[in-house]
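So the protein lines, in turn, are chains A and B.
Numbers 1 to 419, taken from the working numbering, label the letters of the first sequence in order.
Numbers 420 to 838, taken from the working numbering, label the letters of the second sequence in order.
Misleading hints may appear alongside valid ones.
Simulated restraints, written as ranges between beta carbons of each label pair [to be verified]:
1. Pro-737/B x Ala-150/A: 32 to 40 Å
2. Thr-239/A x Glu-769/B: 53 to 61 Å
3. Asp-146/A x Lys-806/B: 57 to 65 Å
4. Ala-150/A x Glu-769/B: 53 to 61 Å
5. Pro-665/B x Phe-383/A: 24 to 32 Å
In case anyone wonders, no lab produced these hints; they're calculated from the structure.
Note that the Cβ used here is the ideal one computed from N, Cα and C, for glycine as well.
Number of protein chains: 2
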Amino acid sequence: MVSSACLLQASRAAIRLQLRKQQPYTDTLQKTINRWVTQRCYSIQTSPEFINSLPPLNAADLSILKTTTPKGLHPPEELKFGHTFTDHMLSIEWTSTSGWLAPRITPYQNLSLDPATCVFHYGFECFEGMKAYRAVDGSVRLFRPDKNMARFNNSAQRIALPTFDGQQLIELIKKLVRLDERFIPNARGFSLYLRPTLIGTQRTLGVGPPGSALLYVICSPVGPYYPTGFKAVCLEATTAFVRAWPGGAGDKKIGANYTPCIVPQVDAASRGFHQNLWVFGEDEHPTEAGTMNFFVVLKDKSGQMELATPPLDGTILPGVTRDSVLHLARTRLQGWKVSERYTPLAELAEAAEDGRLVEAFGAGTAAVVSPIRRINWHGKDIFCGLKAGEEAGETALKMQQWIMGIQYGDEPHEWSVKI
Amino acid sequence: MVSSACLLQASRAAIRLQLRKQQPYTDTLQKTINRWVTQRCYSIQTSPEFINSLPPLNAADLSILKTTTPKGLHPPEELKFGHTFTDHMLSIEWTSTSGWLAPRITPYQNLSLDPATCVFHYGFECFEGMKAYRAVDGSVRLFRPDKNMARFNNSAQRIALPTFDGQQLIELIKKLVRLDERFIPNARGFSLYLRPTLIGTQRTLGVGPPGSALLYVICSPVGPYYPTGFKAVCLEATTAFVRAWPGGAGDKKIGANYTPCIVPQVDAASRGFHQNLWVFGEDEHPTEAGTMNFFVVLKDKSGQMELATPPLDGTILPGVTRDSVLHLARTRLQGWKVSERYTPLAELAEAAEDGRLVEAFGAGTAAVVSPIRRINWHGKDIFCGLKAGEEAGETALKMQQWIMGIQYGDEPHEWSVKI
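Using the sequences and the hints, build the whole thing.
Here's what the structure looks like:
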């Protein structure tokens, strides 16, 4: 049994640890949380000295226990997303009294958790999606892992889970990938999908910041999203369900943002759509396409080209691919306007009618880009610039080539990080 | 490895099973899902006959394995909410190909789950909170368990988890409570807190309806919420964060509704408030008080008394205590107006200034009612009718007496169900 005193101490230490390592929401919030942490101790005084002495995540403490029963490899063409996993996993426990414990790489194995563990009840879970690629020179590379670490920490902080030094976790992930690199098929489009996950492991039913947590990373070899080339998707604009709201947590990669979206997706699929398009506001502006960020290419009446995606207003996941597309557009699409702005569906419908909606596509780690053929909006189709038989527009094609070129090492680039 | 075909079959069977047992969102949604289920089979035809033949949850199939190491009992005064658990737990597995498997009561034990299990990533989890009471006649009773079962099914359906026959689960819960009834202290205000939980157990990373799930129930002996009598709480109106929104899932008891609320609660606590008051809309109307429903007692200028709580508009948890308070008010508070309507904070502030805000309280399973002393709204205090030194108003006191009177069997009532 964890005592109430421990629990309080745990909660406070968790919050302090986060605030120490990570920029807080606001200075005011930091100050008030600090006050709460030090002033509202009911039974145990948690001294700041004690909290500051908690061990941080340290890659140098890693221990490795290799499997004695290595798995066979599946033929690459049979790989399905997230169905098979490699030989090993990385696990790092955290407690509010001991900080981050020594990281361990062990054989891939089940987690054994008390049924009262908070991850089963209150959704204490956040994750990342990233990939390791086998480059043309035979090296294995990650793509912008620093961006994943920053977002992982932001997600953790938003749901009162502990934060950590992202560079240390990158070092540990590199070691894990090195150990299991035989699982990465040596073919373009294939990769090792990495799933860093952080869950709350406190074994009590009170609703509050967890006093313990487990960070783990598992790896799944995956094939190309479009094994036979692009296949443009049809989306249905979802107006009855809303994915995210200002003041919510829609910009974080937390479990809470996924489950409520399944029924709306099944609903859209039931009418033959590949995915749903989330919209928000009275102007019904698109926010995300399924679980991808949303981009459009528009031409204004003067012929000016524009690439637009919704701004990071708190309802949009700050995608690594989204950021990469924006950066590449700003540096390589000469003369284009690159906008983070809302594009209400009425504007897109009008542009489509005028022949000025040139392209629409989703962007995400799984597919890089996913061209959109049409959007059904209140029963009316908005066609997104693709000719009959055409499966991808010029911009989507360019973006995919540029990004994959960096991921697979064709083009030396600071975004591509050798393991 | 679960094959893609199985997964598709699993998803469809899950949805069909839900739709067969439970009222769907709308007829249109049912029809379209049915169409999807039967028409969009890529590799395996899931026949409706097969799905309809899936075994439902059946209490008669229960097997019981008793513990050989019974736990000692904690002194009642040391009980802390959700910290200690009884000897046994109830578990029922579900798969989309086999339906509900035979229920099992076993010794309380850890769950062993693959790290790729969907409950750890996408928040596939919902739960209930209910209690078993030792009545004055020595019998053990549940309080309105049918309401919990209905809500549990609604929560499950909203996040694509399987539904079940609530009456069968009540029978199973009765058996579990009977087996562990020695843990219920024989004293007023004590009870056995029951936590039915349903989690998705599919072991793949694709985002979709889980093909397997686990329903389990654990029991924790708890003491009274106010061991030394009522203690009125001070709330801070939260305007920077939003708990729920139209088109979301704020009216379901799912993990997704809890984690994003921790930081705002800690934030309010940091300024000395016991809880935060969730508000919504431009009119800033209260929706919930922490994790409780929100009630006010108002007197209009003519002296008419009114009990008001926000309507079930999709952002409000349909609390069993909420429903009970409304029902008791409508049948026992003669001459009162009982309203499900918004009460914007400006209205409450005005009423408070006029001396017409008579009471405010939260309502929930844990505390029954929780009187509110003041609400801080944009830095200004709204005092909620309590005199200095007074810890509860008349209505809150009456409601607590009436409801506990039924829970503990002082008053024979259909809401109180003997195990």
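Hints, one by one, checked against the model:
About 39 Å separates the C-beta atoms of Pro-737/B and Ala-150/A, a value consistent with the hinted range of 32 to 40 Å. Checked against the given bound of 53 to 61 Å, the beta carbons of Thr-239/A and Glu-769/B, roughly 36 Å apart, lie outside it. Separation of Asp-146/A from Lys-806/B is about 58 Å and conforms to the stated range, judged on CB atoms against 57 to 65 Å. Distance hint check for Ala-150/A and Glu-769/B: the Cβ-Cβ separation is about 46 Å, which falls outside the suggested range of 53 to 61 Å.
Under the hint 24 to 32 Å, the C-beta atoms of Pro-665/B and Phe-383/A, about 30 Å apart, fit the expected range.
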